[in-house]
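Engineer: On the provided structure of chain G, position chain E as indicated by the hints.
2 protein chains.
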Amino acid sequence: MDLGAKSTTRGDDVILGCGPLNADELAQIIAYWRAANFLTVAQIYLRANPLLTRPLSHNDIKRRLLGHWGTCPGLNLIYAHVNRLIKLHDANVMLVCGPGHGGPAIVANAYMEGTYTERYPSLTCDMAGLELLVKQFSWPRGIPSHVSPDCPGSIHEGGELGYCLLHAYGAALDNKDLIVCCVVGDGEAETGPCAASWHSNKFVNPKRDGCVLPVLHLNGSKIGGASLLSRLPRAELRSLLVGYGHDPLFVHGSTAELVHQQMAAALDFAVARIHAIWREARSGAVAERPRWPMVVLETPKGWTGPAEIDGKLIEGTFRSHQVPASACAHDASHLAALDGWLRSYAPEELFDTQTGALRPRLAALAPTGARRMSANPHANGGELLAPLRLPSPATFAVQLSSPGSVDAECTAVLGQYLRDVFKLNEAAANFRVVCPDEITSNKLAAVFEVTGRIATWDSRPGDEAASADGRVMEVLSEHCCEGWLEGYTLTGRHGLFATYEAFCQTVDSMINQHAKWLKATSEVRWRAPCASLNILLTSHTWRQDHNGYTHQAPGALDNLASKKGSVASIFLPADANCLLLVAHGCLASLHRINAIVAGKHAMPQWLDMPAAQKHCEAGIGEWAWASHAPSGRSGTQPDVVLACAGDVPTLEALAAAAWLRERAPHLALRFVNVVELLCVRTRALHPRGLPPAHFACLFGDDLPVVVAFHGYPQLFASLVHERPHPGRFSVHGYCEEGSTTTPFDMTVVNELSRWHLAIDVLERTSALGGGSHAQLIAELRDKLELHARYIWDHGCDMPEVVDFRWPAGSS
Amino acid sequence: MDLGAKSTTRGDDVILGCGPLNADELAQIIAYWRAANFLTVAQIYLRANPLLTRPLSHNDIKRRLLGHWGTCPGLNLIYAHVNRLIKLHDANVMLVCGPGHGGPAIVANAYMEGTYTERYPSLTCDMAGLELLVKQFSWPRGIPSHVSPDCPGSIHEGGELGYCLLHAYGAALDNKDLIVCCVVGDGEAETGPCAASWHSNKFVNPKRDGCVLPVLHLNGSKIGGASLLSRLPRAELRSLLVGYGHDPLFVHGSTAELVHQQMAAALDFAVARIHAIWREARSGAVAERPRWPMVVLETPKGWTGPAEIDGKLIEGTFRSHQVPASACAHDASHLAALDGWLRSYAPEELFDTQTGALRPRLAALAPTGARRMSANPHANGGELLAPLRLPSPATFAVQLSSPGSVDAECTAVLGQYLRDVFKLNEAAANFRVVCPDEITSNKLAAVFEVTGRIATWDSRPGDEAASADGRVMEVLSEHCCEGWLEGYTLTGRHGLFATYEAFCQTVDSMINQHAKWLKATSEVRWRAPCASLNILLTSHTWRQDHNGYTHQAPGALDNLASKKGSVASIFLPADANCLLLVAHGCLASLHRINAIVAGKHAMPQWLDMPAAQKHCEAGIGEWAWASHAPSGRSGTQPDVVLACAGDVPTLEALAAAAWLRERAPHLALRFVNVVELLCVRTRALHPRGLPPAHFACLFGDDLPVVVAFHGYPQLFASLVHERPHPGRFSVHGYCEEGSTTTPFDMTVVNELSRWHLAIDVLERTSALGGGSHAQLIAELRDKLELHARYIWDHGCDMPEVVDFRWPAGSS
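Going down the list, the protein sequences come from chains G and E.
When the letters of the first sequence are read in order and numbered with the numbering used here, they come out as residues -16 to 794.
When the letters of the second sequence are read in order and numbered with the numbering used here, they come out as residues -16 to 794.
Keep in mind that a hint or two might mislead.
When chains are identical, the list treats them as one kind, so a pair holds in a single copy or across two.
To be verified - Here are the simulated DSS-like cross-link-like pairs (lysine-lysine), alpha carbons at most 30 Å apart as the crow flies:
hint: 1; residue 1: K766; residue 2: K547
hint: 2; residue 1: K185; residue 2: K766
hint: 3; residue 1: K295; residue 2: K406
These are computed hints drawn from the structure, not numbers from a lab.
Bound-form chain G, shown alone (with noise of 0.2 Å):
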C-alpha cells in the first residue's frame, strides 16, 4: 500500500484525499509534533534561557555543541503518531528506537509526557525543570546524546547501529498484547546485523508473541554521503521488503499536514493488521504466515530545521546530521539563524512561557500511566523479572567413585538439566535457548524431549524437532541470536545462548555494548536488575581438531574480561558436575554477562557434586588428591604449583601431575584448579577477586606456578599483573597453532601437553633434581617426536595418550 500513491512524483507535493485526522486533530497533532522539536533543538544548543523568554544571547548556547538533529524530527513525527495510536486503541506500545542519536527527541517526548519528572524529580514540569532539561544534554557529566539508560522507556541506545530489530523482536516474544514500534535508520539499515534481523519475522508465533512494527525512517544520508536503501527505485525498495516478509507502508514528503495525515492512515491500516493477524492466529485458524506490516517513512533529514546556513543547503542533507548553526555560541548570524529556528515552532503556543509547563491540550494528547512509551515496564524488565524455577543440579550429577573414574559429555549432561529448566518454566514462558544451528551438534538435544525449534509456518516432514512453539531459536546468525536474548532478558525474561566457541567473536562488539548497557543501567537508581545474558562456549578451541584452525578462537574470553568486573564473569568447569553448578549459578545470576566454557566430547570427570559444589563456590582450589608431597613434607610449602584452568587444559595438567608423580617424586607439587577465571583478578578489579592472602594460600608469594590454560597466554598474564611477582607465572594456552589434526596434537602444537607442561615444571625446578631433570626432559622430547610420527602413520592419537586416567587410588 502506497500512501502516496497520487503522487506523481516521488518526494513531495502529494496530494492525499481525507485523511484520517480531522482539522483539530491533525493541528493538535502538529503542534505536539513541534513542541517536540522545540526541545529537541533547545537541548542541543541552549544552556539556560530555554523558552526564548528573553532575547538568546550567546551566553544561552553551551560553549561544546553536541549532538545530532538530523534525525530528530522523524522520531518526533513517530513518537506522536504513535502516542495517538495508544490512546485509540489502549494499546500497549514499546519503542526501540535505532537512531540512537536521536536521544534529545525521545527525552522530550518523556518529558512532554511526564515520565523523566517522575523518574527525576528534579527535573520539573515548570521554567526550572526545563532549563536543567536543556542544560543537562551532552553535558559533562550530564546525558549523552543517544537513548541511553537514563532514558525512560528504552531497552536500547543504539549507539553501535545494527541492532534494533533483534532487540525489537527479543523485547517482542512470549509479550502477546505487545507492539513493538521499532525505528529503522537507513544508515543502520547498511549493517549486516540489521540486514539479517529482517527475516526475525519467521519466528514470531502470533498465537503467543506480541509483534514488531518497523519503521524505516529514510532521511536521505547519512554523516557525508547518501544512504543505499533511500537509493533505491521505490519498486526495488518494496521488493526488498517484501521479500523480508513485510508489507510496506509508504508515507513520504515534506508537506507536514500531508505526511502527518498519511503516518495517521498508515498506523491505523498497521494495527487493525496487527490486530486481525493476532486474531486469526488465535482463533486457532490455520493461516500461513502472515505479511506483518512496516512503515517506510520518507521524510527530509533535519526536517524543519534551517534550510541554508552560510551558503550550504541544510535541511534535507547530510549538513543537518549534527549541530547546524554549530558556531552560534560566538557567531551573530549563527546565532540569528538559531533564534529563527527555534521560535519557528512558536513556543509560546506550546508553552506557557510564565510557568514553563506545556499547555495542557497538547500535554493531554500523550498517553497516560504504563500506556506511555517512556513508562512502559517492559523496558523497565528488571521490575518485571520473575526468578526461573531451576532444578536441583544433583539430580544430573555425575555419579564417580574416584577421580577420572568415568567418562562424560559435559553439554549432554547440562542439555538435561537445561530440559528440565525448560519443563518447570513452561507456564511461565520466560525462558529460551537461541543458539546458531548448533543445538544437536553441541550435545544439547535433551532439550528437545521438552520443546523444539520455532518453525510456526515451514516445517516439513523430516525436520528434526521443529516445533510452531518451540522454545529453542535456531539461524545460523550469531548476531540474530545475541541480539534476541538481549532483547528478552532486557524486557524481564531469561535464557541462554549456546554457540560454538570461536564464532562468539562475531558478536565481541554487541557484548561491549550489554556491557556497557549493564554498567551504565547500574549506576541509574530506578532501574530494576535484568536476568543476566549467558553464554555458553562450547566446541571450543581444543577439540576442534576436526574443523580446522578458522574453529580455533578463544579470544571471546579476551574480550570478556576487559569488561567492567560487575558486569563481566567467565567461567571454565573442567568437568560435568561443575558445568551443572556454573550454569545453575548463571542462571540465577543477575545483571551480568556469563561465558561458560564447556567441551561436549566424552572426556574422564574429576569431582563428585559434594567437591564440585565447594570448589565451585570458592571459584578456584586445590585439589589435594592431585597435589604431592613427597614423604616428610606434607603441609610445607610446594616446590611448584601447577594450576589449569579449562577442560582439556585440566586434562593434560592432570596428566602431567600424574607423570611427575612417578617420575620426579621428590618434587613437591600443588595442584591448583580455576573454576571461576576472574577470581584470580584482585578485588578491585572483579568482585570475585581473591583477597591477598587467600591468593598466598593458593600460589605462594614467589613460588614458580605453571599454568594450563584454555585461552590465550597472555590473557592469564594480565589478569595476575596486580599480584605479587606475576612474572612467576608461565602460561600455557592457545598460540595459533593447529590445524586438522588428532585433539592431542592440538595440544602438542600449542605446547600445552601434559609434556610441554612436564618440561616446564621440570625446567623451573631443576635446581632440585640433582640432574635427573635433564635426562626426564629428554624423554619427554622424545615422546613429542613419537606423536608426530604416529598421527602421520596411524591417524589418531597414540594408545597412551587415549588411554590416560587418572592413576587409581592414589587420590
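Structural biologist: Just chain E, lined up with the frame of chain G:
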C-alpha cells in the same frame, strides 16, 4: 527467469525442453561430475584403495572420519558447469566457495585439472598420487576440510561463514574482465554480513570492474535444521533477490540430466547478460544500474549419496551434512553402504584403474593453463602484486621549532598523504579506501580532491564527492568494508580501511579469520605474499567525549595483539609526523594486518620529521627532551620511567612530566614513548620485539614504570609479562568509564590524566621525597575535585588544562 518453470511441483520432475547440451555433452559433463563426486567421497572416507581396485575393507577406512559431504555434490556440479563456460567463452573466472566445508570437492576439481599436482608434485596423477590425495584429507597434519590456503585457486576459506560475497566483490573490483563466481550456501545466507553484502552490486562500475556471479546454493538444511531461505515461497525469495538488485535464475531438481541442462542454460544466459552489460557500459551508453544475473540452485543436500542408512533418510536431509555411514571403519552394513555409494559412480569408467589417471576424454573437459579456476592468477594475488608508488612523507611534514610549538589534526595531515597515494597510483588503479561513511568525519576529506565516493548509479545534485569512478567505498557496514578490502588485497592490490576505533570490534572475528589466512598462507610455499591489510582506527576512545560511552572501546587492539606476531602489528603514533611515517611503512609492508590508532582533533605536535623518522624506525624510544635528571645525575639510572603509547596518553604523560619537573625536580625521570606497540613483547613473540638489552636500556631491570596507555591497561600488562619483574609496570588506560563529557574528563574518569600519572609517579617514588610527595599528591587530588566542579558549571575544560603546552626552551 525460471528454468524449471514447466514443472508443476517445486522440486523434481521438471520436464524441460531441449537444453543447450546435446546428448554427448550431457553425458560427458555428468561423467565429470561423477568423477569429482567420487574423489570427494574417497577423500572423506578412504586412507587407501582409492579406486576400489580391491574389495573395500575396514582397513581402507580412516580411523577418524572428519568431513562434510552434504554441500559437495552441488559444488561439483557448479564447478563442472563453470568449466564449460570458461572453455566456451575463454572466460576469466575465479571461484569463491562460500561453503568452506566443501574442501574435498574443490580439491578434487583442482586435482582433476592438474593444478594440484603442479603445486604438490608428490600428488601425482596416478595411483600413488591418488592414494596420497585421499589419505591427506582431514588427516593429522594433512589438509583441512575447508577450502584452506593450501587449496589452489582459493582466496577464501569460509570456515567462519558470512564473507564470501564480500571477498568475491573485492576480487572483482578493478579487474574488468574477471567474473567471480561466488557460491553462497543457504546456511551462510542467514548471517548478517552476508545479508548486507548482496548490496555490493551498487558499488560495481561495469566500465572498469569485473563482476560477481552469485550462485545461491539452496540444499535445504544446515547442520540440524532447515535453512531459512530454502523455506521461503519462491515468489518471496525472488522478491528478496530482486530487492538486492539481482535477476535470479532458478535451477532446481534432483534428476541429474534435467538439472545439468538447466544449469548449462542458466550459465549461458548469465554470461551472455554479463557480456551485454559490459558491452553497453564500455561503449559509453548511459545506462541504469544493471540487474546482474545470479543463479539459485536448489538440489538435494548430499545428492547422489546414500538414500537411507540405519533406517533414516540421508540424501536430501540434514543427516547428509557431515559423514553418513560414519561407522564404516568397523560396521559391515555401513561399509557396504559406502562401497555401494562409491561404486555407484562407476569409477572404472572415470579413471584408468591400472594407472589411476583420469580418463583423457574427461580430463579434456577442464580448461587449461591460467584459465583453470584452480590456477587463476588472481587467486594467488601476491604474484600479481605491484608495489604502490608512495609519496615521501616528508612532503607533508608538520613543521615545528620545538616540541609542542604547533598544533595539527593528525588524520587531516594523513588525508593529504593519501590524496597523493591516489594520484600516484591512478593509472595502476590498485588502491582503494573503504570506510563506514566517515571519510569526512575522520578528516580524510583531502582524498576527495582527486577521487570520490563511488556512486556509479544513483548520485543526485547536492551529493558531495560522489563519483562514478570514485575509489573511496563508503557504506555503513564495517563488515562490508573489511571484507571488500580483504578480497581486494588477496587478489594483489592495496588499500586502507578507515574506521571509528570502537566499531572496528564489529569485525574482530573477520580480522581473526584474515590473520589465520595470512598465517596459514605463509606456510604454503607457492603462495606469494600480498599487501597488508591496513586499518586506521580513528575517532578513537579518548575523544569520544561527544558520542559517549557506546563509542569508547579500544578492544580492537586486544584482539589484534592476540594474533601471531608474524602477521599483526599495532601502531600508536603520538603526532602527525609519526602518523605519516607509520602509514607510509604500513602501505609498503606485506602480508600483515596493521592497525594504526590516530586522533582527528587538533593536538600539539612533538617531533619534527628527522626525530619522528628515528623514533618510528626504532618503534620505541626515550624522548630525552622530556626526561629530567636533577643536576649531577645525568647519565645515571633514573628513579622512575614514565612511558606512554597513543596520542592522548602522550599528551597527558608530557603534562605530567612537565608538572613533575617543576614541582618535584629532585626526581630523575626517563620519558619513553612507544609508537610500535608490540616492540615491548619479546622477540620470540613478535619479530619487532626488543632484545633484552635494548629493553633494559629503556626500562631498567627493576625500575618502577608508570605507563599511560591508549587501550585497556591489562593489554599492556600482558605484553610485558615475559620481561623482568613485570609487576613494576603500573599501567593507566581505558577502564570502561566515561560518557558524554569533556576530553580531559575522559582521562580523569579513567585515571589516565596527567594528575593521576603524577600521583602514581610520586607514590612509587615516595621514599625519595622526604615527605614532600604526600603534600604534592594532596595538591593534585584537589585539582581533580576542582575539575569536576568546573566542568559541570562551565560545560568545558579548565583553561589550565586546555592551554597546556610543553614549556618552551625546556627541551
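Engineer: Evaluate each hint against the coordinates.
Structural biologist: Outcome of the hint check:
For the homomeric pair K766 and K547, the shortest alpha-carbon distance between copies (26 Å) is at most 30 Å, but the shortest distance inside one copy (43 Å) is not. For the homomeric pair K185 and K766, neither the shortest alpha-carbon distance inside one copy (55 Å) nor that between copies (58 Å) is at most 30 Å. Taking the shortest alpha-carbon separations for K295 and K406, only the inter-copy value of 29 Å comes in at or below 30 Å, while the best intra-copy value is 63 Å.
Hint 2 alone, counting from the list given before, is not met by this structure.
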